[in-house]
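Peer 1: Following the hints, put chain B in place on chain A, whose structure we already have.
Protein chains: 2
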Amino acid sequence: MAEQIRIGIAGYGNLGRGVELAIKQNPDMRLDAIFTRRAPESIPSETKVYSIEDAERFVNDIDVMILCGGSATDLPEQGPAFARLFHTVDSFDTHARIPEYYEQVDAAAKASGKVSVISTGWDPGLFSLNRLLAESILPEGKEYTFWGKGVSQGHSDAIRRVTGVKHGVQYTIPSEAAVERVRGGENPELATREKHIRECYIAAEEGADQEAIAEEIKAMPNYFADYDTTVHFIDEATMKAEHGSMPHGGLVLRSGKTGVNSTQIIEFGLKLDSNPEFTASVLAAYARAAYKLAREGQAGAKTVFDIPFAYLSPKSGAELRKELL
Amino acid sequence: MAEQIRIGIAGYGNLGRGVELAIKQNPDMRLDAIFTRRAPESIPSETKVYSIEDAERFVNDIDVMILCGGSATDLPEQGPAFARLFHTVDSFDTHARIPEYYEQVDAAAKASGKVSVISTGWDPGLFSLNRLLAESILPEGKEYTFWGKGVSQGHSDAIRRVTGVKHGVQYTIPSEAAVERVRGGENPELATREKHIRECYIAAEEGADQEAIAEEIKAMPNYFADYDTTVHFIDEATMKAEHGSMPHGGLVLRSGKTGVNSTQIIEFGLKLDSNPEFTASVLAAYARAAYKLAREGQAGAKTVFDIPFAYLSPKSGAELRKELL
Numbered sequence: 001m002a003e004q005i006r007i008g009i010a011g012y013g014n015l016g017r018g019v020e021l022a023i024k025q026n027p028d029m030r031l032d033a034i035f036t037r038r039a040p041e042s043i044p045s046e047t048k049v050y051s052i053e054d055a056e057r058f059v060n061d062i063d064v065m066i067l068c069g070g071s072a073t074d075l076p077e078q079g080p081a082f083a084r085l086f087h088t089v090d091s092f093d094t095h096a097r098i099p100e101y102y103e104q105v106d107a108a109a110k111a112s113g114k115v116s117v118i119s120t121g122w123d124p125g126l127f128s129l130n131r132l133l134a135e136s137i138l139p140e141g142k143e144y145t146f147w148g149k150g151v152s153q154g155h156s157d158a159i160r161r162v163t164g165v166k167h168g169v170q171y172t173i174p175s176e177a178a179v180e181r182v183r184g185g186e187n188p189e190l191a192t193r194e195k196h197i198r199e200c201y202i203a204a205e206e207g208a209d210q211e212a213i214a215e216e217i218k219a220m221p222n223y224f225a226d227y228d229t230t231v232h233f234i235d236e237a238t239m240k241a242e243h244g245s246m247p248h249g250g251l252v253l254r255s256g257k258t259g260v261n262s263t264q265i266i267e268f269g270l271k272l273d274s275n276p277e278f279t280a281s282v283l284a285a286y287a288r289a290a291y292k293l294a295r296e297g298q299a300g301a302k303t304v305f306d307i308p309f310a311y312l313s314p315k316s317g318a319e320l321r322k323e324l325l
Numbered sequence: 001m002a003e004q005i006r007i008g009i010a011g012y013g014n015l016g017r018g019v020e021l022a023i024k025q026n027p028d029m030r031l032d033a034i035f036t037r038r039a040p041e042s043i044p045s046e047t048k049v050y051s052i053e054d055a056e057r058f059v060n061d062i063d064v065m066i067l068c069g070g071s072a073t074d075l076p077e078q079g080p081a082f083a084r085l086f087h088t089v090d091s092f093d094t095h096a097r098i099p100e101y102y103e104q105v106d107a108a109a110k111a112s113g114k115v116s117v118i119s120t121g122w123d124p125g126l127f128s129l130n131r132l133l134a135e136s137i138l139p140e141g142k143e144y145t146f147w148g149k150g151v152s153q154g155h156s157d158a159i160r161r162v163t164g165v166k167h168g169v170q171y172t173i174p175s176e177a178a179v180e181r182v183r184g185g186e187n188p189e190l191a192t193r194e195k196h197i198r199e200c201y202i203a204a205e206e207g208a209d210q211e212a213i214a215e216e217i218k219a220m221p222n223y224f225a226d227y228d229t230t231v232h233f234i235d236e237a238t239m240k241a242e243h244g245s246m247p248h249g250g251l252v253l254r255s256g257k258t259g260v261n262s263t264q265i266i267e268f269g270l271k272l273d274s275n276p277e278f279t280a281s282v283l284a285a286y287a288r289a290a291y292k293l294a295r296e297g298q299a300g301a302k303t304v305f306d307i308p309f310a311y312l313s314p315k316s317g318a319e320l321r322k323e324l325l
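Chains as they are written, first to last, in this note's numbering: chain A, 1 to 325; chain B, 1 to 325.
Since the hints were made in silico from the structure, they are not lab data.
Mixed in with the good hints there might be a few duds.
Claimed, not checked - Computed cross-link-like contacts, DSS-like style, restricted to lysine-lysine with a CA-CA straight-line distance of at most 25 Å:
hint, chain 1, residue 1, chain 2, residue 2
1, B, K322, A, K142
2, B, K110, A, K315
3, B, K195, B, K166
4, B, K110, A, K195
5, B, K142, B, K218
6, B, K292, A, K110
7, A, K257, A, K292
8, A, K24, A, K48
9, B, K257, B, K149
10, B, K110, A, K322
11, A, K149, B, K142
12, B, K257, A, K257
13, B, K110, B, K292
14, A, K166, A, K149
15, A, K315, B, K48
16, B, K195, B, K257
17, A, K257, B, K149
18, A, K142, B, K24
19, A, K142, B, K257
20, A, K292, B, K292
21, A, K322, B, K142
22, B, K149, B, K240
23, B, K24, A, K24
24, A, K110, B, K315
25, A, K110, B, K322
26, B, K218, A, K257
27, A, K292, B, K110
28, B, K149, A, K142
29, A, K195, A, K149
30, B, K24, B, K48
31, B, K24, B, K218
32, A, K257, B, K240
33, B, K142, B, K315
34, B, K195, A, K322
35, B, K142, A, K24
36, A, K315, B, K142
Bear in mind the structure is a predicted one, so any value in this text is a computation, not a measurement.
Excised from the complex, chain A in its bound form (with noise of 0.2 Å):
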């Protein structure tokens, strides 16, 4: 086996845990330690665990840190600080802060000599890569693009702080309807409510009034009031055993027009059970890929739109063209 590409993961919740189990699908990379806030001996992995205050110790071991915190708080520190100090990768995902963020980071890794690939995962992500390649394709089209079916956190916590809600999961849902129409090149203006609905699921104090509730969610402006909403009440047992996992997936559409008048459509989809663990997996990839342009003598931020696809895979150039082609 040639040299294994030394991963550090620096945050420890889902999207940690996920990255923890895509390493192990790729052996070309190893875990060598997890950096946590926490208390490290709290921490129930087989990896070595350690304060993220001790990071630093090891510059000389880690070859690619993957940034595992939040996009609110977190990363905004974490990432320039790890930028001066290894190559990173992150999910960062405040879709209006990215400029500013790659500002931060790519100062830090240029002055470091670092390379740090920012906003990767799915949407910022591989979303992002399709509408660059459709537009760039179709430039005469318009772009649609579609979340879930999956569970929004936002959503869910807001459901959560209505009176009488015990549990509550909040699925948004792409309206089939529209993404027929889209389909069907029929370029359609789609307002806020045809492109999603959205579906709640609630577990209630016992007593409580549902009608009340239900009123109150779907009036709540800026979450409900401008979608279809539906809400469905259930007992605790069901909440837990059907509505516990955290899928997701989307689609991002182009519809465009070439020559004459013919309809071109582009589309891509993501179908997730675990849309931490995806993330993760994305993460893994583009780990090796920081590596690869480090090799290169590469520095500084890069997005996903500044890498080639041929720096994701461990295999050759020759193996790729021959391969999959």
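Peer 2: Okay, now just chain B, sitting in the frame of chain A:
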């Protein structure tokens, strides 16, 4: 307007005409010349048309030559020959011969300091990209490619050779049942017969024995014997009205497992009214990439695997991060 990329087209069949139309949708490029083996004055185009023998005189006037000849005999000769003179893009699609073709074009392009993007289009091309991406993210999984619904030229030619057939068109169609099994995460082993069905539309000679024609077609080894084939007899007017266009498309699916047992499905699909116009639009985007790579001082043969998507777009890195990531 910034400087435009000066494009030439070598070969003016369906694909060449498609490229001519695609360039019109991309204001950062302009079509300066078409080169043909036919008599230039016989070509009905608003662009200047020259004999392909004269192409060498244009080395200082054309930035990227888009090679629109066929893979059987044109490109094996023209690919290396034009790579000695111009940056080139082609859609060489004989999968088994790609490694050899790559080596020949690479040697020519490296010697001349040119960039040659080979084997673009949708398969090879976009489908290959998706096979590579999905395999890199989901190493434990299974890949499925389905083609159609679309016209297969080889199969249409085969049915036209049957006695009594005046006109014939053959459509390759993915089996919906097979696609649904893959989407359902079953990871099925699919026999040839299970993946695609073949549908033939025939205008028969007057008095021809339709039953005999249908039987001969269905029994044809390699082409039809291994498939479920249906044969429809129609009149010539219907043939002209309903079967004159060149639709195509298909699906690349990968179904993989992450974590303990999460099924993750990645799907890429195309639904094309015009196969040659879409392939032409892909060639145009990769002509832009060839130009950008050349400006960076790169040389040699490249495939879609080697080229970051950012190079396909006229937008800057900052614009892409802001608008599409």
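Peer 1: Need the list of violated hint numbers for this structure, in ascending order.
Peer 2: 3, 4, 5, 7, 9, 12, 15, 19, 23, 26, 31, 33
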